[in-house]
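Add chain B to chain A, keeping to what the hints say.
Residue numbers (numbering that gives the first Met the number 0), protein chains in the order written: chain A, 0 to 275; chain B, 0 to 298.
Since the hints were derived computationally from the structure, they do not count as laboratory data. Please note that a few of the clues may not be correct.
Claimed, not checked - Calculated cross-link-like contacts (lysine to aspartate or glutamate; reagent style DMTMM-like; alpha-carbon spacing at most 25 Å):
1) 138/A / 68/B
2) 126/B / 122/A
3) 195/B / 92/B
4) 15/A / 218/B
5) 283/B / 233/B
6) 15/A / 4/B
7) 15/A / 92/B
8) 112/B / 170/B
9) 271/A / 174/B
10) 138/A / 4/B
11) 215/A / 174/B
12) 15/A / 68/B
13) 73/B / 141/A
14) 73/B / 177/A
15) 135/B / 72/A
16) 271/A / 22/B
17) 138/A / 147/B
18) 195/B / 233/B
19) 116/B / 92/B
20) 138/A / 170/B
21) 138/A / 218/B
22) 207/B / 287/B
23) 236/B / 288/B
24) 112/B / 174/B
25) 128/B / 122/A
26) 271/A / 4/B
27) 115/B / 161/B
28) 271/A / 68/B
29) 15/A / 104/B
30) 195/B / 218/B
31) 116/B / 65/B
32) 295/B / 218/B
33) 271/A / 288/B
34) 15/A / 74/B
35) 128/B / 161/B
36) 15/A / 107/B
37) 138/A / 233/B
38) 271/A / 74/B
39) 15/A / 105/B
40) 138/A / 161/B
These numbers were taken from a predicted model, which means no experiment stands behind them.
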Amino acid sequence: MEKVEKNKKSFSNRLKSMLRVDFYRMLRSRLFYIIIACALLVPIIMTVMLTMMDGQESVNQQTGEITILEGPDYVWESIGSLPSDKQADGEEAAMGNMDVMALCNINMAFMGVAVFVCLFISDDFRSGYSKNLFTVRSKRTEYVISKTLMGFICGALMLLAYFVGAMLGGAISGLSFELTGGLTLMNIVMCIIAKIFLMLVFVSIFVIISIGARSKAWLSICGSLGGGMLLFMMVSMITPLGSTIANVGLCLAGGLIFAVGLGAISRVVLRKANMI
Amino acid sequence: MNAVEIRNLSKNFGAKQAVCGLDMTVPMGAIYGFIGENGSGKSTTEKMICGLIPTSGGSIALYGKDYRDENVRKDMGVLIEAPGCFPNLTVWDNMMLQARNLNIEEPEKEVIKILKKVRMEGAAGNKYKNCSLGMKQRVGIAMALIGEPTLLVLDEPLNGLDADGMRIMREVFTDIVSDGRRSIVVSSHLLGELQKVATHYGIIRHGKMIREMTASELDQSCRTFVALQTEDMDRAKYVLKGRYSRIEEDEAGYIRVYDTELPENIVEYLYENGLYVTEIKTDKIGLEEYYIDLMKEGK
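Only chain A is shown next, with the shape it has when bound in the complex:
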């Protein structure tokens, strides 16, 4: 009988084959395209809508408080809060301002990627693919690395898609592209790179939760969104619009520490737990 040739099973070979398989799957997954499309379209829709609704007032019938919906003035507001003098504006400060952009900006991608990672990993266990995989691969390290990288790449693409969407939305709405308050283009680039590196922290958390939950996608999504929420406020603090190389370094270091630390724990969970 003809012997089937198998490549030498070094760590790099195993990792390469695992990454190839995960890429193959990711690029054939509808969810991936839906998530990227959402990341592209949400900022366009939001920017256009908020610009149209800018200045509209709503009155609370019980308290009489007037809330003014505040639309963006600059296209960069989709990425982070601008160092602005608006807060010092006496008239606006007296009334409740609803700055939707401060809440629903590019940082939403950190939550979006949770859904992708959770469904991607739970699919492995739900379909039974994990049985085929772990029967022929007793080492779990490359599985954790591959899933973390996959989530990281998806997250990075979501951030970039959101950025492109925000620029398009700004252009459609006629928002200003002017850099104010001492911001430079380099700050914006650093901000995006820092966010991409910070994505590694979030993805590592989502991966360990998904591995723990295995086939229960609802559990991993709830856990990841809950866990992500705890860190969500940190994102705007660590990666402000005026980010510098220091922010990038901090996010890179944090990302690597979380990826290695939580990856090691994920590996132990995979070794000790039932795979089905």
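Coordinates of chain B only, in the frame set by chain A:
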């Protein structure tokens, strides 16, 4: 060297002991029929062999090495419970994923070869979710065959297959072990089908191996009987009970006389009692009846 050698294996799920002190030996080149009631611990044992669940005690050696050894594991094929396929991917894509997982140098060539082997070439482009139950089962077996594994662990592989599918699988299994190097552990409740291919058997009950034997040992253990029909079956039964210790009427309407002498003597005896035999044959009980008898003994 044996393909699988299990000693004193145990597995607890909390307070429940699913497998306790199990010993099992699968020789090289064997098709090992692993038989047991539902919940007897077959699947749990198979999952432990495949490293999918950790053991609570005991040892598992595959081809003389620890079952966790990466070099042994890469040469395994598995079908446990359901084929591990992504429903939205095609049969081809699913098989390519497994071929890539195994780091096969020419995955396309290997997938084409396996699809031909299980007669699934025409269904390669179908989405897995659109396949029929029998086709899904064939895909599952095909996935397990990728990379020419030296040890195949198949849990209920014949479920959902039609008669032709079962015949093809029997051919495939026989072909796999023909070189005497590769082995198959197959559990199935379709004992009649299993008996057609198995070379060795292991019967498990309440997590313990109660009997291990070769196909020829089973053949020797299976009692012979004479099956006959007469014009008056009730009277024939009454008459035969006077001379023979074990008489039964089977599902096909024959009277079975177990562990007996030549059929001519029975015919003559019935003739002396005024009964004419219309049909008579000698046979042996099959694996299914042997197994049922064994289970009854245990109870």
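Consistency of the hints with the structure:
Between residue 138/A and residue 68/B, the direct Cα distance comes to roughly 9 Å. Compliance with the 25 Å bound is thereby established for this hinted pair. Between residue 126/B and residue 122/A the alpha-carbon distance is near 16 Å, which keeps this suggested pair within the 25 Å criterion. Restraint check for residue 195/B and residue 92/B: not satisfied, since their Cα atoms lie roughly 33 Å apart, outside the 25 Å limit. Proximity of residue 15/A to residue 218/B is assessed by CA-CA distance (about 50 Å); at most 25 Å being required, the pair is judged violated.
Only pairs whose Cα atoms come within 25 Å are accepted, and residue 283/B paired with residue 233/B is accepted, the gap being roughly 23 Å. For a cut-off of 25 Å, the pair hint linking residue 15/A to residue 4/B is broken: about 33 Å separates their Cα positions. With a C-alpha separation of about 18 Å, the suggested pairing of residue 15/A with residue 92/B holds against the 25 Å cut-off. Between residue 112/B and residue 170/B the alpha-carbon distance is near 15 Å, which keeps this suggested pair within the 25 Å criterion.
For the suggested pair residue 271/A and residue 174/B, the alpha carbons sit about 37 Å apart, so the restraint of at most 25 Å is broken. Distance restraint check for residue 138/A and residue 4/B: the Cα-Cα separation of roughly 22 Å lies within the 25 Å cut-off, and the hinted pair is therefore satisfied. Between the alpha carbons of residue 215/A and residue 174/B the distance comes to roughly 40 Å, so the proposed pair goes past 25 Å and is violated. Taking the CA atoms of residue 15/A and residue 68/B, the gap is near 20 Å; set against the 25 Å cutoff, the hint holds.
As the CA atoms of residue 73/B and residue 141/A are separated by approximately 15 Å, the hinted pair is consistent with the 25 Å bound. At roughly 58 Å between alpha-carbon atoms, residue 73/B and residue 177/A are farther apart than 25 Å, so this suggested pair is violated. This hinted pair does not check out: residue 135/B and residue 72/A have alpha carbons roughly 57 Å apart, beyond 25 Å. Taken as a hint, the residue 271/A and residue 22/B pair is honoured in the structure, with Cα atoms around 23 Å apart against an allowance of 25 Å.
For the given pair, residue 138/A sits about 21 Å from residue 147/B by alpha-carbon distance, which is consistent with the 25 Å threshold. Restraint check for residue 195/B and residue 233/B: not satisfied, since their Cα atoms lie roughly 35 Å apart, outside the 25 Å limit. The straight-line distance between the Cα atoms of residue 116/B and residue 92/B is roughly 17 Å, inside the 25 Å bound, and the hint therefore holds. Between the alpha carbons of residue 138/A and residue 170/B the distance comes to roughly 34 Å, so the proposed pair goes past 25 Å and is violated.
This hinted pair does not check out: residue 138/A and residue 218/B have alpha carbons roughly 43 Å apart, beyond 25 Å. Between residue 207/B and residue 287/B, the direct Cα distance comes to roughly 19 Å. Compliance with the 25 Å bound is thereby established for this hinted pair. The straight-line distance between the Cα atoms of residue 236/B and residue 288/B is roughly 21 Å, inside the 25 Å bound, and the hint therefore holds. Only pairs whose Cα atoms come within 25 Å are accepted, and residue 112/B paired with residue 174/B is accepted, the gap being roughly 14 Å.
For the hint linking residue 128/B to residue 122/A, the alpha-carbon distance of about 14 Å falls within 25 Å, and the restraint holds. For the hint pairing residue 271/A with residue 4/B, the CA-to-CA distance comes to about 23 Å; that is within 25 Å, so the pair holds. Between residue 115/B and residue 161/B the CA atoms are separated by roughly 18 Å; this keeps the pair inside 25 Å, and the hint holds. This hinted pair checks out: residue 271/A and residue 68/B have alpha carbons roughly 16 Å apart, not beyond 25 Å.
With a C-alpha separation of about 13 Å, the suggested pair residue 15/A and residue 104/B falls inside the 25 Å cut-off, and the hint holds. Between residue 195/B and residue 218/B, the direct Cα distance comes to roughly 12 Å. Compliance with the 25 Å bound is thereby established for this hinted pair. At most 25 Å may separate the alpha-carbon atoms for a hinted pair to count; residue 116/B and residue 65/B exceed this at roughly 31 Å. The hinted pair formed by residue 295/B and residue 218/B meets the criterion: a straight-line CA distance of about 19 Å does not exceed 25 Å.
For the hint linking residue 271/A to residue 288/B, the alpha-carbon distance of about 41 Å lies beyond 25 Å, and the restraint is violated. Of the pairs offered as hints, the one joining residue 15/A and residue 74/B holds, with about 19 Å between alpha carbons and a cut-off of 25 Å not exceeded. The hinted pair formed by residue 128/B and residue 161/B meets the criterion: a straight-line CA distance of about 19 Å does not exceed 25 Å. Distance restraint check for residue 15/A and residue 107/B: the Cα-Cα separation of roughly 18 Å lies within the 25 Å cut-off, and the hinted pair is therefore satisfied.
For a cut-off of 25 Å, the pair hint linking residue 138/A to residue 233/B is broken: about 66 Å separates their Cα positions. For the given pair, residue 271/A sits about 23 Å from residue 74/B by alpha-carbon distance, which is consistent with the 25 Å threshold. For a cut-off of 25 Å, the pair hint linking residue 15/A to residue 105/B stands: about 15 Å separates their Cα positions. Between residue 138/A and residue 161/B the alpha-carbon distance is near 38 Å, which puts this suggested pair outside the 25 Å criterion.
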